Amino acid sequence: MNALLHGRLTGLLALGAVIAVLPAFLPNNFYLDIAILAGFNAVVCVGLNLLIGYAGQISLGHAGFFGIGAYASGVLVGTYGWPPIVALLAGAVFVGLLAFLVAKPILRLKGHYLAMATLGIGIIVSIVLRTESGLTGGPDGMMVEPFKIFGVELYGEKVWYWVVGVLLVGVVWLSLNLIDSPMGRALRAVHGSEVAAEVVGVDTARFKVMVFVLSAVFASVAGSLFAHYAGLITPAKADFFKSIELVTMVVFGGMASTFGAVVGAVVLTLLPQALTIFQDYQQIVLGGILMATMVFMPKGLLPTLAALLPARRRA
Amino acid sequence: MFAELLQYLLSGLTIGAIYALAGLGFSIIYNASHVINFAQGEFIMIGGMASATLTASGVPLPLAIMIGCGGAMLVGVLVAKFAVERARNASTVTLIIITIGASIFLRGVAELVWGKDFKRLDAFSGETPIQIMGASMQPQSLWVVGTAGVLIVAIGLFFARTLTGKAILATSHNRLAAQLVGIDVKRVVLASFALSAALGAVGGAVVAPITFSYTEMGIMLGLKGFTAAVLGGLGHGPGAVAGGLIVGIAEALGAGYISSAYKDAVAFVIILAVLLFMPNGLFGKRGTERV
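Going down the list, the protein sequences come from chains Z and G. First residue of the first sequence: 1, per our numbering; consecutive thereafter. First residue of the second sequence: 1, per our numbering; consecutive thereafter.
Some hints could be false.
[Stated by the list, open to error] In silico DSBU-like links for lysine-lysine, alpha-carbon gap of 30 Å or less:
id, chain 1, residue 1, chain 2, residue 2
1, G, LYS186, Z, LYS299
2, G, LYS81, G, LYS116
3, G, LYS263, Z, LYS104
4, G, LYS119, G, LYS263
5, Z, LYS104, Z, LYS299
6, G, LYS81, G, LYS166
7, G, LYS81, Z, LYS299
8, Z, LYS148, Z, LYS158
9, G, LYS81, G, LYS186
[Claimed, not checked] Just the calculated beta-carbon pair ranges, DEER-fashion:
id, chain 1, residue 1, chain 2, residue 2, range
10, Z, ALA236, G, PRO238, 32 to 40 Å
11, G, LYS81, Z, GLU153, 50 to 58 Å
12, G, PRO238, Z, GLY288, 30 to 38 Å
13, G, HIS173, Z, TRP162, 54 to 62 Å
14, Z, ASN28, G, GLU216, 28 to 36 Å
Derived by calculation from the structure, the hints in this document are not laboratory data. Since the model is a prediction, treat every value here as computed from it, not as a measurement. Cβ coordinates follow ideal geometry from the N, Cα and C atoms, glycine included.
Input sequences plus hints: build the corresponding full structure.
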């Protein structure tokens, strides 16, 4: 567990190994589908964790970026006939620019004000998606063409599982490298004390903007691919609750832990599936679990478990 | 032309009064505990649902509102005691997730107790519209605005005149110093949750005849209340009230003159614009940060 938290290569290998052997234990496409959804969430959460866990900034609007990516692919490929990869990149560039434009003034804000601003952006995006039905199909959503590249069509859970798996390993690798780079150290300094970081010469604003843009682009790419995989995209994927869900995954798994973000995404994607047995009590149980985890493990699942481990070894 | 404008202003004032109450609730809890309570909207929902269902089963309206209010206060105190106070030293994000967990939990309980459908509550004093210079106003709007006005004044007096009110204010300025002069800060936090819950529940009860009651009614009302609180400067009571009225009126004007589909977006566009130029809200103090 400690290796998962601190060893870059071991952690990455462990993640790769889990992804590689998992399909052997999944009895059918239903489970594969859940694994794929968990993977997409994990990709977004790894990016969001850079922002929340390392830069200490909260975003309550990341589903908005996911939604823009998804609809960029849906609309550009479906309505305008663009090649999917070009649409995906266009969406990512657009989200990157948007994030950059809003980041500069917004990341000056602290704590709750930043939460408010990102929440506002997310809600505005989801209202636009819901309202501009000529373009987006409105509240019912729109169908999305399958993903084709070099004449090959990505189709079926078995293919998409590996696409998402490779994407996740890539994103985790990128983020681990980032954390160990001078930029990562600067970010941790920003988290510790922004004023102190500035005093020792860290350009805090630039780092925060970069991480915000990067995490938004991760969300956009995940959104694009998700749209192609699911074949249907609705504004619900971009709304406030989805944003909350993503933040919850990051915090639940463990802030400032890349693998914690992955674990959080996987557990909280599975949880609602598992909770369907509670039927009418589902929301109560979900809300209860959220509260209890945060009250008793305020650092999140993985760091808390990791802290328990050496203690047990000594005993 | 003028009648139309007046019409929008009146409906904006009505909904703005509810946002103001919600915003005040956010500010009171924020002051006492530095927590953004995302379950604030659920207090409104409890007030609306309890008064609608209780009156439907024959309980007189004033009693129904009092029961709803008491229930919401109890829920508020429980959330404060068993979730927020225990996680005192956790980070901002963790505390936000706790209150979001509480709101999901409360909506789940509400769905179980009251079901998912819309509940109707009769207007308090009939539905004959009042004509004012060409615009018409539901009598219930007067109830909403009047009740909110009375509550806001009462809260102001509470903080200015009573010992409990002053203790909450002292805690918001400096928790440790307040503790040193003998204020029981834990009870202050509980009191602030109870107070915010009461404000929300009464607001929910008076607005229910206009909006209907349903278990998800608190979501948007709560978010707009948060917007109002931030607009006025978090923790600034009169600012939250002003923020609520501004958001309500801007929303009604936006819906009337621009597009009713984008009604819910107006509040968030305003808050983004304001935060860009005034990062501490309209009336918030510029803070300095200790290293």
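Okay, the hints, checked on the actual structure:
1. Under the criterion of a C-alpha separation no larger than 30 Å, the hint pairing LYS186 (chain G) with LYS299 (chain Z) is consistent with the structure, at around 23 Å.
2. The suggested pairing of LYS81 (chain G) with LYS116 (chain G) holds, with an alpha-carbon distance near 29 Å, which does not exceed 30 Å.
3. Between LYS263 (chain G) and LYS104 (chain Z) the alpha-carbon distance is near 27 Å, which keeps this suggested pair within the 30 Å criterion.
4. At most 30 Å may separate the alpha-carbon atoms for a hinted pair to count; LYS119 (chain G) and LYS263 (chain G) meet this at roughly 23 Å.
5. Pair hint LYS104 (chain Z) plus LYS299 (chain Z) holds up; C-alpha atoms about 29 Å apart against a cutoff of 30 Å.
6. With a C-alpha separation of about 21 Å, the suggested pair LYS81 (chain G) and LYS166 (chain G) falls inside the 30 Å cut-off, and the hint holds.
7. At most 30 Å may separate the alpha-carbon atoms for a hinted pair to count; LYS81 (chain G) and LYS299 (chain Z) meet this at roughly 20 Å.
8. Distance check on the hinted pair: LYS148 (chain Z) and LYS158 (chain Z) sit about 16 Å apart at the alpha-carbon level, within 30 Å; holds.
9. Distance hint between LYS81 (chain G) and LYS186 (chain G) is fulfilled; the C-alpha atoms sit about 8 Å from each other, no more than 30 Å.
10. The beta-carbon spacing between ALA236 (chain Z) and PRO238 (chain G), approximately 37 Å, falls within the hinted interval of 32 to 40 Å.
11. A hinted range of 50 to 58 Å holds for the C-beta pair LYS81 (chain G) and GLU153 (chain Z), which are about 57 Å apart.
12. With their beta carbons about 37 Å apart, PRO238 (chain G) and GLY288 (chain Z) fall inside the hinted range of 30 to 38 Å.
13. For the pair HIS173 (chain G) and TRP162 (chain Z), the supplied restraint of 54 to 62 Å holds, since their beta-carbon distance comes to about 57 Å.
14. Hint check: ASN28 (chain Z) to GLU216 (chain G), Cβ distance near 34 Å, so the stated range 28 to 36 Å holds.
Going through the hint list in order, the structure satisfies each hint without exception.
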